[in-house]
Every structure is written in structure tokens, then in C-alpha cells.
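All chains, full assembly: derive it from the sequences and hints.
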Amino acid sequence: MSDHDSEGYLGVARKSMEKAGVKVGDRVRIETSQSTFEGIIIPRAEIGSDDQHLVVKLDNGYNLGIRVSHIKRLERIAEGAPVKPELPTTSLKTKSGLPWVSILSTGGTIASRVDYHTGAVNPALSAKDLYTVVPELGDLVNIRAEVLFSLLSEDIQPSHWSELAKRVAKHLSESEGVVIAHGTDTLGYTSAALSFALQDLPRPVVLTGAQRSSDRPSSDAALNLTAAVTAASRGPFAEVVVAMHRTPDDTSIALHKGTKVRKCHTSRRDAFQTVNADLLGEVKNGQVHMLAEPSSYHSRDSKRELRLQPKFDPKVALLKSTPGIIGDLLDSLIDRSYHGIVIEGTGLGHAPQSLLPSVERAQEEDIPIVMTSQCIWGRVQMRVYRTGVELVQRGVIPAEDMLSETAFVKLMWVLGQTRNSDDIRSYMLKNIAGEITDSTRRSQFQEKVSE
Amino acid sequence: MTKIDYEKVGLLVGLEIHQQLDTKSKLFCNCPTLTREDDPHFVFLRQLRPTQSELGEIDPAALFEFQKGRVHIYETYDDTICLVEQDEEPPHPLDSEAVDIALELALLLGSQPVDEIQVMRKLVIDGSNTTGFQRTLVIAFGGTLEVEGKTIPIQTICLEEDAARKIGEENNQIRWRLDRLGIPLIEIATGPAMKNPEEVETVALRLGQILRVTGKVKRGLGTIRQDVNVSIRGGAIIEIKGVQKLNLISNVVEYEVQRQLTLLAIRDELRQRGIKTSKIKSKSHNVTALFKGCKSKVIKGALKRKEGIFALVLPGFANLVGRELQPGRRLGTEFADYARFWGDVKGLFHTDELPKYGITAEEVEKLRTRLKVSQEDAVILVAAKEEQAKEALKAVANRAKEALKGVPVETRGPLQDGTTKFARPRPGAARMYPETDVAPVTITEKRLKAIRKRLPELPEQKLQKFREVFGLSDELAHVMIRSLRIDLFEEIAIKHTEVAVTAAATLESTWRSLDRDGVEVEKIPEEQILRLFDRLAEGKFAKEAIPDIITWLARNSTKTIDDAIQALNLGGITREQLVEIVEKIVKENQGLITERRERALGPLMGLVMKQVRGRVDGKLVSELLNASIRRYITQDS
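Sequence lines, in order, name chains Z and P.
Position in the first sequence (first residue = 1) + 35 = the numbering used here.
Position in the second sequence (first residue = 1) + 387 = the numbering used here.
Please note: incorrect hints may appear among the correct ones.
[To be verified] With a straight-line Cα cutoff of 25 Å, these simulated SDA-like cross-link-like pairs (lysine to any residue) come out:
hint: 1; chain 1: Z; residue 1: 130; chain 2: P; residue 2: 454
hint: 2; chain 1: Z; residue 1: 50; chain 2: P; residue 2: 829
hint: 3; chain 1: Z; residue 1: 319; chain 2: P; residue 2: 437
hint: 4; chain 1: P; residue 1: 836; chain 2: Z; residue 2: 87
hint: 5; chain 1: P; residue 1: 836; chain 2: Z; residue 2: 67
hint: 6; chain 1: P; residue 1: 553; chain 2: Z; residue 2: 284
hint: 7; chain 1: Z; residue 1: 319; chain 2: P; residue 2: 561
hint: 8; chain 1: P; residue 1: 509; chain 2: Z; residue 2: 43
hint: 9; chain 1: P; residue 1: 840; chain 2: Z; residue 2: 68
hint: 10; chain 1: P; residue 1: 836; chain 2: Z; residue 2: 68
hint: 11; chain 1: Z; residue 1: 107; chain 2: P; residue 2: 509
hint: 12; chain 1: Z; residue 1: 107; chain 2: P; residue 2: 540
hint: 13; chain 1: Z; residue 1: 50; chain 2: P; residue 2: 831
hint: 14; chain 1: Z; residue 1: 58; chain 2: P; residue 2: 823
hint: 15; chain 1: Z; residue 1: 319; chain 2: P; residue 2: 558
hint: 16; chain 1: Z; residue 1: 54; chain 2: P; residue 2: 823
hint: 17; chain 1: P; residue 1: 836; chain 2: Z; residue 2: 173
hint: 18; chain 1: Z; residue 1: 319; chain 2: P; residue 2: 509
hint: 19; chain 1: P; residue 1: 509; chain 2: Z; residue 2: 115
hint: 20; chain 1: Z; residue 1: 107; chain 2: P; residue 2: 462
hint: 21; chain 1: Z; residue 1: 54; chain 2: P; residue 2: 503
hint: 22; chain 1: Z; residue 1: 107; chain 2: P; residue 2: 529
hint: 23; chain 1: P; residue 1: 455; chain 2: Z; residue 2: 173
hint: 24; chain 1: Z; residue 1: 107; chain 2: P; residue 2: 829
hint: 25; chain 1: Z; residue 1: 50; chain 2: P; residue 2: 503
hint: 26; chain 1: P; residue 1: 836; chain 2: Z; residue 2: 70
hint: 27; chain 1: P; residue 1: 455; chain 2: Z; residue 2: 323
hint: 28; chain 1: Z; residue 1: 107; chain 2: P; residue 2: 494
hint: 29; chain 1: P; residue 1: 628; chain 2: Z; residue 2: 95
hint: 30; chain 1: Z; residue 1: 107; chain 2: P; residue 2: 832
hint: 31; chain 1: P; residue 1: 833; chain 2: Z; residue 2: 68
hint: 32; chain 1: Z; residue 1: 58; chain 2: P; residue 2: 829
hint: 33; chain 1: P; residue 1: 833; chain 2: Z; residue 2: 102
Just so you know, these hints were derived from the structure itself, not from any lab.
As C-alpha cells, this is what we get:
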């Protein structure tokens, strides 16, 4: 029996199926010492299930786990036809007068659908399917769809950023804006990466995702996607932004600046917050409203020449300074010839004395170390306490009010352009894509974490 | 209507009982199972999108609601509701206390627990669940219930999360409160085995009793709800959802049978008249011009709002639209239900009821002439905006086509008197899919063994205890076992066995006669009833005072039993004081005693009771008085 026929079943359960010649999807009759059941064998979740039960979908819709040791008789009544729900295909007819938007799909919850047959949530929906599932998009724009990857966002790597940046650049030349459907876990990293890779943008690049999978009626996917498409086609800005729910309500979708956005909650719809900056804008009732100072973002200008710099050096590590941390951790990164290290320090940008010798070693070996703060909000200031001063003396680059994740991505990008120490330092300290601001404002903290 | 011969019409009824469990936590989070009446702390707003079913179909009713732009406002409390109810956090593992209670019930009913529980999502997108689905799981299959010598098969025992509470609805917004969402509900479904309305009520009562013997179910209105599936031969299986009052069930069944029989009769008549589905056109006609100057309030209002009057012709339907299906509900009422649901209009007129409501015979004639219809046809009128009116009339046409087939399959909801109205189309069967966020739970033999060990008494065992330990008569014991207040009774009887009989009589006959007299006995908190019997056992008042006390408590539901004793001046007669009163009365009525001897007890009893009624047990009065009279007679002779 192939793995496909026994989806998820292992050990005893799989053996009992093999013995009876039963595959996943078959209609079976199961006799136990107490009762008889009829239904369809459905796949077993692969993770976290035991090998002692067969799962049967009864005619009333309920699934039932039957212990293999209780089964007296297992027989196939009918061979299963693979139930592959075909989405009704929507014809992509061009509507004149509507702007064109490209939707690039990378995977994740927004692009996931439950396989009703197996119950699994598959990150495999094409952008075209999204359009089918959210038909009102058709009233807004003409869509150019492309499936780039089908990856959960935790599996997205720097090489994917490069590829994505190149595809976006291509689409930007023919569409009013580009929307990227992406898993939410590392959405902030990708938005930062694109912010650096796509310089002098002529039009908006809008990343969006979903905190509730799109197979459920309460999903935030459709609203986020519609807002992203609205922003990409009608937004007056030319920035890389993240479009996600602004509050728990289905009313307003926030537009966050790509280098200043962070996932700050594991599950809420409004998990994404702008950190150390003003919210760029929002989409409400189908309209884009800009909220940040006009000077803080680039305006849409289709004549502006895009500069594509898609190279990232993956040999960068992000290390969190913790109580009791010892030099070994840093040493091992140096030993493995990492090209750059971001330390997420405590407070204003500190790390314990125990790290100083290793920091010194890094300096000797020309490995740049960038300091951010695990406080998330606020600015790194390394002149206030002695530790900070000692770190700076050993070449550590303070990352100002940059998010750790953004600093990490930026260092990869900078190392992709140059390996010259002085250049690296000056690039890291210079604002390139809105990642560093001049002033930290009072309203940028409390207002953002509470509702 | 003549009495229905239920056997002849082939009545089959199945029941689904939903009972809230009194667990510490909700089914999928650690919030308390608490409903609240104070102001919610904050609200949020959501929309639910219909998703495609596993067959790639979108439920038309669901799509319709979404397209109408329906918005749901959810009210929540910061301290008793978490992100799970708000659909802002994945569910926590299945609550094991609820599973234990359900397993206990399964064992009591002889059902077979499943080996491994699989949690499912059932799509429900009316907004009552923030997720757009209800989590539900089968706990056990099969089992039986013995009711008056008949074996009723149990189909399944399930656990599910209760829905949010509907607080209100206006325009396109529905307000829900999240306190109830997630409270564990046990669902027991019987086979369609009941054959007359009384039997259905008896089975429902019996299931209610068995649920209560677990001691872990919530009490009070709204904590138990019945769905009733009714079918007759040639009719359809109609699900009537959410009957809250037990004594309404037999009415619901009777009225539903009556409705189906009449619908079948209407169908036959339509066929006899030669009406075919193809003759019914859903085209509506704008007849606004005919009603300028009409006296009808509804029409005048609509015209004032610049709306129109639209008509639909139903050929051959004359005198059938007005045919009564249930008391006060006609075929026309069913048309109106559809018009409201699909067209969001306020209501409709039909020619069977006209001229009336300010519409004149002349206007009806003009209407018939304008539409070129005869007296055999019926015309439906709707006053609304054009788009709504068209949708409404299209829905009416569809419902009229169904009338040619007989009974349309739909879900109905109960009204106050047991009649029912259209609730929604029957949802498709394929709306269940696995809840992948919750791991399956294996039910071990060890767990079942532990539950088996502490199974509560069944009603039969209780009956015996009521008779033998609490001293109830056979009749009273039987009454008590069926009582809704059985738990309360047991609590009192265990604490004060000496007043058990009084308690039983109070909670049943006194209760019912006061209820009949319009005393709102349900308003009295249980706590006060418990205290009442504490005080009775302490001798603070006599049992004769109970009806007065209960009446007082019902009128003063925030006050306590001690307030009642004081207000009714019941406290404070000692045995010595009573002896004094008795002696005084005997002395004052010596003539009567001399004349009537022992037979003087009756009249003298009345005189004493006049002074002490309710403050002391009549039995004691009679004892003391009798002794005193005898003493006097002996002295006298």
C-alpha cells in the first residue's frame, strides 16, 4: 500500500487496513463487539495521532475513531472515489476601466483551504482561486495572478525573498500595484526584505495574510485581501506595506510600513503593529486613508525608475542576550564564519560582560555586530551605561529604533551588497527604507499596544 | 378540526434534547459557564462569509445573508470571556468534565461510548457562533430509554458548544452576547419512535429527569431546549428547533401534523384544479397607480416613503391562500414568512383576506381587472421598495410552487402557543468537517470504569427512596419523580426528612394551584425555598402558612423568607402561649362544650385557628384543644 492510500495511518492501524485491503477514501463496514458502523475511511492527522484507531466519516457527517483492537470485522463496501472538490472556475474576463493588480501567492493561511475529505488545511490555493473565493475583487480590479510558492511562512528563506523581489519588479512594470499573499509568521521579515530589495518604488507593494484560515466563515482573509487590492490599485503611496486588520472588528484594515511592522500577538486579527513609527494608513469602507505625515512616505509615481537590489547574504544570525548567556554562543557563530550578527540586547542595547571577549573576537575577524533591543519599542542608546560604551568601543553598531527583525534582514541585504566594514557600518546607520526614524514620538507606543 | 387519528396519518416523531451542563469551564476554554445581565464591557463587529461546502457549493441562504451586508455585533466581558469566544485564539483542549458528564449519561442510557472522540465543525453562519461554525462531537451511539413500557431507541449522544445569545436585531445588525457561547451542551437524539403528541412529551420529560440525575446540569428557563422532528406519511420531516417549554411539545407536534395534513389537502385541491408548477410565474407587477388614495395605513405609509405596490398572480389559488394551517396561521402566513426572510419586507396582503385593512372591494376589482385574473386566482400584494418587493414575491412564487408538491422541507421555529414559523431552509448534509485545532481524545476503559463506579441513581431507584425513606405516598412519589423541581425536593428531603411530605406537596400541588391563580412562583429564588423548609423544620411557622409565604415571596422576589415570616406576622407563638389561648377559648365556651361535648372540637378549633393560623401547626392545636375539652368534660361530670 502506498503512503497515499494509507494517509497518516501507521503501525497497527495501517496493518489492519492492509489486511482488509482497505484504502483511505473507501466506504467500509466495521463490526465491533458492540456495534456496526458504515462510513468512509478518512485520513489520519499525521502529527499527534496514535496508531490504534481508524477514523470513519459516518453518513451524518460526524467522524468517529474506532480502536483497532475492538474491530471484529473490517470490510470494504465500495471503493473510494477521490473527492477533490473542484472550485467553480471564474473566467478572468478583462473589465475595461478597471486597474490591473498582480496577486502573487506564496502560501500561508490566507492561501489555505481545508480539504473536506481529509480535514487537512492545505496551503495550496492559487491566487486565481482566491479571486474565485472573493468574487467582489472582480468589481475592483483586473487581476494578474501568479503562484510563486506554496510555503508556510516559517519555511520562507532569504533566497525566496530574492526571487519574490524579482517577480514583483516584473509585475510592477505592468500592474498598478502588487499584492502578495503570505503566511503571517514571518510576514514582517519578508516585508522588510522587499523594502530593501525594491528601491525607488513607483507603485505600492502590499503584503497581506490571514490569522484565521480562509475556509472558515469568520476568516479575515477576504477582507484583508480586498483591502490589499484596494491599496495596491488606488493607494497614493509607493511603499512596501503590510495590510492586516487594525482592530478585532471587520471594519478597518491597517497599512503598516514594511520595515516598521511586527507580529505582536500569536492569534489576534490585529496582531500586526507598527512599532516606533506612525501607522501609514488604513482602508475603510473601500477607501484608502493616509494617516502618516506625507513626508514619511513616497507618493505613487509610475514614472519613477525602480532599482532592484535583490541580493541577500543568508549567513547572518540573530542572537538574544539573556541572563547567564556565555561567550560560547557568539564564539560558535564566529567559528562557523557567519558574516554578520545581530544581538538583541536588553534595555537600551546591553549584553553581559561575559560576552565582551567574544565581541572583541568578532571585531578582530571583521564580523559586524549590530545591537537592537528586546524591548521592541524605543531606541537603542549605548552611551548611557558602561556596558553600552564598552560594546560600542568594540565595534558594535547601534541599530537606533530599528526592529530586531528588520535589522537582521537589513544586515543580510547590506552584506549582499558589500563586505567592506566601513560601508557596512554606514549603511546600517543610514535610513534606507524608513527603518530608522529621527525622533521617537510619545503616541507611537501606548496607542499602538492598546486598542 | 376533528381529532386527528395519529396512527392513521403515520405520525413519527424524534426528539433532540439540548441541555446545558453546569461545568466549571466552557467546552473549549477556561472561562466560566456564566451568563450575565450587567452591561457588557465592549463590543466588536464582524461579518461572516459563506464558505463553499466540501462539494464546492455555497449554501444559498448563507450567501443571501452575506450579500445583504449583515453585520454582527458581539458583546463581551473582559473578566469572564476570553479570546477563544471572540474567535481571536484557537480553542483549548476539550473540557474533560463535560466529557465525563456525557459519558455518565451514555452509561445510564446503555449507549456505547466511542473509542476516540473526533471534534467536528458544523457550519452555522447566522452569526450565533463567532467562528461561523459550531464545534460538536459524538460521545456515544445507541442505547435505549424505557418509557411506560415502551422502548425508545437513542441514536446519538453528542456534546456541542452553546451559541451566543441573541440580544437584538435592527436594520442589518444583529447583536449577540458572548457569555453563553461555548457553554457545554449535551445533545441526546432519539430515533423517530414516538407516535402521538402525549408520548413525545412523556419522553422529553423522562430524558429531562435522567439528565437531572447527573446533578451536573444547569437549571432554569433556556438551559434545556428541544428540537422536535415531525413527519407524517406523505408529508416531510420537519425540524422544529428550540422548543424551550416542555408543556409546549405536544402542541407543537399536534399543530405540525395539522399543518402537514392541510398542506397535503391544499396540494390535492390544486391538482384537482389542474394547476401545474409551470403556471406559476414569479414575475411581479407594479400596481402602485391603482392604490393612489387607498385608505390602508400600510399602503399609505409605503407611498409616502416613495415605495411601490407590487403584485404576484397565483393562478387557481383563490380560497387556498386563506386556508388555516394552524390556529391563526394560514398558507398566506407562510407566504409572508418567506417574503420576510428573502425580501426583507414587513408583510403582504392576499386577495383571500381582502377587502379588509382599508383596502376596498373596488380596489380589489380594479386589481383583478388590471392583472386580467379571475375569481379563481389569488393575488399577493407587497408594499415595499421595488428590489425588496421583487425578491419577496419571487420567494412567494417559489413557496407556492412547493404547495403543489406538498410539504416543503425546512427548519421551523416555535411560537408562544406551539404553532411554528419558517426559520430557514434545511441546511445541506455536507456541512461538517473536522476541527483540526483540537486533538482527538481517546476514551480509555479506565475512565469508563471510574464513571461506572459512581453512576447516580436512576428514576426507578429514586422512586423507591421517595416512598421508603421520605415517606411519600405512592401517588406523590410518582408525581415528584416527574417534577421539574425534583432536585430541589431531594435537597430538602435529605436535610429535613420530617418535612419531606410537606415539601413534596408544596412543590407540586401548592405550586401548581398558586401558579394557576396567577402567582408568579417561578420568580422565587431556589435559595429562599430551601430556607423556607429550614424554618419550617425549626418550627418557626406552621405548614398551613406555606401558601401565604410563597405568595408573598413571589411578590417580593428580592426579599428573604425571614422577611416573609415577619411581614405575615407568623413568628413567635410558643407552646405555652398556645396552651394559654386554648385554655382561654375553652373557658369562654363552656356552655357549648356542655352541650356538644366532644363535638365542640370543630367549632372551637375554628376559633383558635382564627388567632393562630399559620403560626402553629394545626395538628398541635387540635391535640391541645382536644385534651383540654376532655379535661373539662371529665371535670364537669
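These are the hints, each one checked on the structure:
1. Z:130 x P:454: With a Cα-Cα distance of about 22 Å, the restraint between residue 130 of chain Z and residue 454 of chain P holds, given a limit of 25 Å.
2. Z:50 x P:829: holds, 20 Å
3. Z:319 x P:437: Since the Cα atoms of residue 319 of chain Z and residue 437 of chain P sit roughly 22 Å apart, the hinted pair holds (cutoff 25 Å).
4. P:836 x Z:87: At roughly 20 Å apart (the allowed maximum being 25 Å), residue 87 of chain Z and residue 836 of chain P satisfy the hint.
5. P:836 x Z:67: holds, 19 Å
6. P:553 x Z:284: Given that 25 Å is the threshold and the Cα spacing comes to 19 Å, the pair holds.
7. Z:319 x P:561: The hint holds at about 21 Å.
8. P:509 x Z:43: Holds. Residue 509 of chain P to residue 43 of chain Z sits at ~24 Å (cutoff 25 Å).
9. P:840 x Z:68: holds, 22 Å
10. P:836 x Z:68: holds, 18 Å
11. Z:107 x P:509: This hinted pair is violated, its Cα atoms lying about 31 Å apart.
12. Z:107 x P:540: The given pair, whose Cα atoms are some 24 Å apart, holds under the 25 Å limit.
13. Z:50 x P:831: holds, 22 Å
14. Z:58 x P:823: Holds, at about 22 Å.
15. Z:319 x P:558: holds, 21 Å
16. Z:54 x P:823: violated, 28 Å
17. P:836 x Z:173: violated, 59 Å
18. Z:319 x P:509: violated, 31 Å
19. P:509 x Z:115: holds, 23 Å
20. Z:107 x P:462: violated, 51 Å
21. Z:54 x P:503: With Cα atoms ~22 Å apart, residue 54 of chain Z and residue 503 of chain P stay inside 25 Å; holds.
22. Z:107 x P:529: holds, 18 Å
23. P:455 x Z:173: It holds: about 18 Å lies between the C-alpha atoms, which stays within 25 Å.
24. Z:107 x P:829: holds, 19 Å
25. Z:50 x P:503: The hint holds at about 19 Å.
26. P:836 x Z:70: holds, 20 Å
27. P:455 x Z:323: holds, 24 Å
28. Z:107 x P:494: Status holds; Cα separation ~22 Å.
29. P:628 x Z:95: With a Cα-Cα distance of about 18 Å, the restraint between residue 628 of chain P and residue 95 of chain Z holds, given a limit of 25 Å.
30. Z:107 x P:832: holds, 18 Å
31. P:833 x Z:68: holds, 18 Å
32. Z:58 x P:829: holds, 23 Å
33. P:833 x Z:102: holds, 15 Å
Hints 11, 16, 17, 18, 20 from the list above are not met by this structure, while the remaining hints are.
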